[in-house]
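Chain A is already provided as a structure; the job is to place chains B and C on it using the hints.
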Amino acid sequence: MPTLEGSMSLLTVDEITGGYGDMEVLHEVSVELDTGEIVTVIGPNGAGKSTLMKTIFGLLQPTGGEIRFDGKSITGLAPDKIVRLGMAYVPQVENVFPSLTAQENLEMGAFILSHNYSDRIDDIYELFPLLKARRRQRVGKMSGGERQMVAMGRALMLNPKLILLDEPSAALAPNLAAMIFDRIAAINQTGVAILIVEQNAKESLKLSDRGYVLAGGRNRFEDTGKNLLMNKEIGELYLGG
Amino acid sequence: MSRLPQLIVYGIISGSIISLGGIGVSLTYSILGFSNFAHGDIMALGAYICFGVFVLFTGLGIGNTPIGPLSFGFSFVLSFVSALALTALATVVIDRILFKRLRKAGSIILMMASIGLALGLRNILQFFWGPQPHYYIEKIQVASVIPGLGIRIKPDQIFIIITTVALVVLVHCFLQYTKMGKAMRASADNIALARVTGINTDRVILWTWVIGGALAATAGILTGIENKFITPELGWQMLLSVFAAVILGGLGNPYGAILGGMIIGLSEEVSTAFISTGYKPAVAFAIMIIMLLVKPTGLLGRRK
Amino acid sequence: MEHVVGAINYIVFFAITAGTYGILSLGLNIQWGFAGLFNIGIAGFYALGAYTAALISGPPPSAWDGRMVAGYELPFLVGLLAAAVVCGIAALLIGIPTLRLRAEYLAIASIGIAEIIRLVLKNESWLTNGVWGLQQIPSPLYKTIRGGVTALLEAHPDWPPWAYDLISKSYNWFYLLLVIVVLFVLYLVMQRLVRSPWGRVIKAIREDEDVAAMSGKNTFSFKIQALVLGAMIMGIGGSLYAHYARFISPSSFKPLYGTFLVWVMLILGGSGNNKGAVLGSFVVWGIWAGTDFLTGYLPFTASQAAALRIIFIGILLEVVLLWRPQGLLQRERRLPKFLRSDADKK
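Protein sequences appear in the order of chains A, B and C.
Numbers 1 to 241, taken from the numbering used here, label the letters of the first sequence in order.
Numbers 1001 to 1304, taken from the numbering used here, label the letters of the second sequence in order.
Numbers 2001 to 2346, taken from the numbering used here, label the letters of the third sequence in order.
Just chain A, with the same shape it has in the complex (with noise of 0.2 Å):
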């Protein structure tokens, strides 16, 4: 979905520095994103694609730099507090309660709301049917597709502005990795923004607005979607497989 002139930016990320602990792995990273975009971040192995995420999310404190969502600086803000302001955060492993059913894996993900939110959770059906049928199963015996989809869910139950997803197609086979980004498509057109990482450079900008190159923990480019995806250099250099 295309930014209106002149509106802020849902998310800015202004020159983070970070890693972990004594490791420095980003190196003044700046990243935007409007509300309703969909950004890609992409960039060898290595390259603090990940650690950006989670610098973001508040799962690692940046050592420079500063963060603002929404208007507000959520800089060095704890995840369970950022998560009340309206960003979800979907981890690349891990990412869902495999001995709970995948209705309990989206009641969790309403945990702090007090309120019934049975009209959430209809709606988080409409986007994904397959999960319907399959809400009483429990999540460890489902299959890598299904499984992303509960955990996209679960990231979707509070109704987020913006939702971080950490490579979505990682591991999974070419038509359930096409399946999950025809999702995220949808989930996009109900106006959530869309930050993903990903490997799988190729599909991923091809339904994003915008995209960023990140490597060796800096900013090498960026540009439309398009754009990159028809960047011969970048193709060579990072699209490769």
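Derived by calculation from the structure, the hints in this document are not laboratory data.
Certain hints may be false.
In silico DSBU-like pairs for lysine-lysine, Cα to Cα no more than 35 Å straight-line [stated by the list, open to error]:
#: 1; chain 1: A; residue 1: K132; chain 2: A; residue 2: K232
#: 2; chain 1: B; residue 1: K1104; chain 2: C; residue 2: K2203
#: 3; chain 1: C; residue 1: K2217; chain 2: B; residue 2: K1104
#: 4; chain 1: B; residue 1: K1179; chain 2: A; residue 2: K81
Which residues of chain A face chain B? A partial, calculated answer using Cβ under 10 Å [stated by the list, open to error]:
#: 5; residue: P98
#: 6; residue: M108
#: 7; residue: A110
#: 8; residue: Y125
#: 9; residue: L127
#: 10; residue: A173
Calculated from the model, a selection of chain C residues having no Cβ within reach of chain B, i.e. all distances over 10 Å [stated by the list, open to error]:
#: 11; residue: F2014
#: 12; residue: S2062
#: 13; residue: I2094
#: 14; residue: Q2135
#: 15; residue: P2140
#: 16; residue: G2147
#: 17; residue: D2165
#: 18; residue: I2180
#: 19; residue: F2184
#: 20; residue: P2255
#: 21; residue: D2292
#: 22; residue: L2322
What you are looking at is a predicted structure, and each value in this text was computed from that prediction instead of being measured.
Using N, Cα and C, we set each Cβ at its ideal position, and we do this for glycine too.
Below, chains B and C without anything else, positioned relative to chain A:
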């Protein structure tokens, strides 16, 4: 061999108590990430709090005329319930003072702290009450004979079994049908993800200690009812059986703890037909070692 | 002067016991400090070592004993070796099922084996004489030294009484020397081991077992070796105790108390540090003995005093874990890596 049915009855009673102890251990392990070796002594703490409150109530004049065929009355039941609440509270306080500050440390440090706590609790009990046994119930109860099966069982023992079943059903319903129960199961799967999802993990941890403490107290008090008396060593004596049960069922799985508890209880009692009663813990130990060699994740295994 | 002699005699007794605990701490240090293994059954190995030494070196069963076997009156060193071997075997028994699994499994198995050992010692009278224990365990070179001392004292009847008191206890001086020598030898061996290739592998396994495994090392086998070696040293400690006390019974080895003390010694001194192990043992034994004196002055019953002392040591452990888990002798402020949360290790 003709004693077998009777031994099975003893096994069910013993197994019930071990199961109650084991549920708490499994919940603590799966949600807090460490094995709490002080659990046995929390059982003893519960037993002594019950005793202390009972003495207090008796002093206040609250009657204890036996309820029906049971050997205890209203004031004891009141003490029982109070002890559950007080022990749960004590367990939460202990967490605040000790374990909470060590959450960032590895599971081994937490286990070591729990050993220190175990000895500390036991000796606090010994300090105030001494090492000699204290009696809940003075009179010896007459056992009823159940014809046909050739077994004898006392009303108190039926009480123990019924209490265990009730609590197990309660815990099951809590875990399966309430929001906090589901949050606990989610946290047992992956507490980091639970936090990220927005689950209030501090509250989950609180409930874990409350339930663990209350169940441990119940196990301790029921032991006191079964044996008639309590000593400070009560919990430590059961620790090996409880942990063997938990490992047998699958460390971290409360349902495994129940299954494991019954198996260990039955095995220990039935074994007395062949070997001396002093070696009951050895039976639990042997079963545990065999399980570790054959299927370390336990009968109802969890991945952890 | 009598008080001085009394004090000296007490210090000797104190040092012998502290030294024996020091040996136990060194053994635990291999298991825990080097290899990161969590063994809570120390008291079991200690008892096993003591009983093995006693049964090997002690006299055959007398007419009044429930015991019916053993008592081969073999030399001190044979008993010491046997103690080490038997403890090594016991360590294998619990190591094999548990060392491929998480730390708590070894912990529980070690509690189990200590309990089993205690039950066997108490119940199998035909072997251990049950609760009546084993008496008349010979001390090495006892007759020789006593003979020399007696001869010396008889040759000098004019010496003051305090000299008599001092010299007549001189066997204990010899024993103290023996304990110190054994402790020192073991300490040197441990220091060599730490710096050896074997030691480096063990420490690598402790820091990150997956990484160590990837470089082709059979981590399981190394962990077994550390467990067994540590247990053997604990057995040696047990044998030294038996020959000093000359009488042992199951109640000499209260379950968990000895284990607990040794753990506090090692944590306080500094895990992974041989000097720390020895330092910790003297400090904690000092506190333990000190509280024995202090509670004598307080209006408590014997059992209350005993309970209070354990509570005190328990609080000491928790305080150390909360505020200085690396121990006294570790220079780094941060916890050594292997003590930190598994999550931190990523």
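Do the hints match the structure? See the list:
1. A:K132 x A:K232: violated, 42 Å
2. B:K1104 x C:K2203: Between B:K1104 and C:K2203 the Cα gap is close to 22 Å, so the pair holds against 35 Å.
3. C:K2217 x B:K1104: holds, 30 Å
4. B:K1179 x A:K81: holds, 20 Å
5. P98: It holds, given that the least Cβ distance between A:P98 and chain B is near 6 Å, below 10 Å.
6. M108: The hint holds - A:M108 has a Cβ within 10 Å of chain B, the shortest such distance being about 5 Å.
7. A110: Hint on A:A110: holds, closest Cβ of chain B at ~8 Å, below 10 Å.
8. Y125: With Cβ-Cβ at 18 Å, over 10 Å, it is violated.
9. L127: violated, 18 Å
10. A173: Violated, about 24 Å.
11. F2014: The assertion about C:F2014 holds, with a minimum of 23 Å to chain B.
12. S2062: C:S2062 is indeed farther than 10 Å from all Cβ atoms of chain B, at 25 Å.
13. I2094: Contrary to the label, C:I2094 does not stay out of reach of chain B, its closest Cβ about 8 Å off (not over 10 Å).
14. Q2135: Fine: 23 Å to the nearest Cβ keeps C:Q2135 off the interface.
15. P2140: holds, 35 Å
16. G2147: Holds: least Cβ distance 44 Å, greater than 10 Å.
17. D2165: holds, 36 Å
18. I2180: holds, 29 Å
19. F2184: Correct as stated: the minimum Cβ-Cβ distance to chain B is 28 Å, above 10 Å.
20. P2255: violated, 8 Å
21. D2292: holds, 15 Å
22. L2322: With a cut-off of 10 Å, C:L2322 comes too close to chain B, as the shortest Cβ separation is near 6 Å.
Comparing the model with each earlier hint shows violations of hints 1, 8, 9, 10, 13, 20 and 22; every other hint is respected.
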